[in-house]
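> The primary structure of each chain is shown beneath.
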Amino acid sequence: MTSEPTTPSRTTHSWTTPSQTIGPFFHAALPWADGSDVDPDGDVTLTVRVLDGAGELVTDALVETWQADAGGRFDHPEGGGSSFRGFGRCPADATGTAVFRTVKPGPLPAEDGLVQSPHVDLSIFARGLLHRVVTRLYFPDEAAANATDPVLLSLGSDAGRLVATAVAGGYHLDVHLQGAAETPFFAV
Amino acid sequence: MTTLHLPPQYRADAGSHPLLDSPAYRSTALRHPTRPLRLLPQRLTELTGPLLGADRVHPGDDDLTQDRGGEAVGQRIVVHGQVRDSDGRAVPSTLLEVWQANAGGRYAHVLDRWPAPLDPHFTGVGRCLTDSEGRYRFTTIKPGAYPWKNHANAWRPAHIHFSLFGQSFTQRLITQMYFPDDPMFFQDPIYLSTPEAARSRLVSAYDHSATVEEWALGFRFDIVLRGRGATPFESDQEVGSDDV
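So the protein lines, in turn, are chains A and B.
Under full-length UniProt numbering, the residues of the first sequence are numbered 1 to 188, in order.
Under full-length UniProt numbering, the residues of the second sequence are numbered 1 to 244, in order.
Quick caveat, the hints were computed from the structure, so don't treat them as lab data.
Among the chain A residues that face chain B by a calculated CB cut under 8 Å, a handful are:
1. Thr16
2. Thr21
3. Ile22
4. His27
5. Glu78
6. Gly86
7. Ser123
8. Ala126
9. Arg127
10. Leu129
11. Ser154
Derived list of chain B stretches under chain A, where covered just means 3 residues or more per stretch with a C-beta under 8 Å from a C-beta of chain A:
12. 31-40
13. 43-49
14. 87-97
15. 105-116
16. 173-185
17. 196-209
Sample of chain A residues facing chain B (criterion: CB under 7 Å; computed from the structure):
18. Pro18
19. Phe87
20. His131
Each residue gets a CB set at the ideal place from its N, CA and C atoms; glycine is no exception.
With these hints in hand, go ahead and build the complete structure from the sequences.
Set out below in structure tokens:
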């Protein structure tokens with residue numbers, strides 16, 4: 001799956017630089033004018049709303065997305081060749097919501113003949129988050145593919161929390177950082 | 001119950017990173033997930049990642065001291081270093097973004113109410129790409145410490161925020177660079193949230209070889225991102241060990 005040629009030994013391993021919070025004052029630095037336009041001509045709007053453990057809107061969040069194109073390819077040497085940027089970056093607004101213009105990704109191959117249902121990887125950053133949290137967005141109109149997706153299967157009855165809701169023009173997902181409706185987050 | 005044959009796992013280095021639940025940093029209280037993180041085997045979406053290139057960086061983005069026809073106030077510094085992954089490989093051509101407070105400890109941000117003066121010639125924003133050997137360099141001014149309301153008489157140590165992408169989704173990192181021997185470390189819950197053995201990796205080193213005579217002090221800050229090699233999961237090395 002990867003073309004990296006070497007297996008590192010313990011002696012060459014270095015420990016990673018620790019993560020720190022993005023803080024509340026990233027707005028001058030990180031958002032881009034076109035950050036929300038994963039595909040400016042895309043026909044799908046994704047809205048991601050972030051809530052805390054009290055159900056309050058996280059208005060100082062930054063949401064990033066990473067996804068394949070409609071054919072299941074990435075703009076990356078290991079991604080099958082695509083000119084589709086695949087990356088979105090949007091600060092939450094006063095309603096805790098980040099909005100992306102994009103296309104729906106295609107399914108992706110996995111090991112052992114498995115197929116991954118169309119999905120978007122999400123990173124959530126915010127004041128009070130010392131490390132990003134990672135989750136996925138799946139699509140409600142992919143019921144058959146979602147039913148055999150290996151990641152959703154691993155979540156059991158929590159899988160539905162990653163499946164967006166169909167709304168006019170696209171899809172919406174609430175991400176709960178904590179609480180009774182806490183979103184499943186992944187170690188990557 | 002479906003049994004999956006999972007693809008290779010990668011060294012997560014959990015012992016280097018803060019706990020999401022760090023009560024002394026009060027903002028974590030309602031924002032840390034309470035359920036264990038689920039394993040996300042690294043498949044195509046995680047092995048790939050945004051490769052944001054030169055079109056995101058403009059001439060002068062690596063010099064924060066010149067803006068709107070004037071020069072920023074403060075101690076001019078050069079910050080440089082090398083970006084590697086934990087397998088020892090340099091990370092070339094990756095976008096590095098920085099942001100920071102001005103010399104008085106104030107961000108050019110509408111919500112920063114700390115009444116230190118704003119500097120009309122300092123936005124506190126910089127960008128550059130690492131070179132073919134993973135090296136970066138930018139020129140800025142030393143940021144000031146500033147108070148915040150986390151606890152009584154709370155002050156953030158001087159710091160510069162860094163954002164890096166690496167070459168895969170798993171390598172994404174937001175961190176903060178601190179300055180050596182800062183007297184504010186002892187009371188800062190964000191710095192102290194990092195496991196003690198890993199804290200030194202957040203602190204830059206004074207680098208006399210990078211200091212420019214009669215012009216700027218030099219600091220070196222090397223950054224190590226997650227590895228991308230197919231390192232088998234080795235549970236005895238995973239948590240709490242640190243042999244650096």
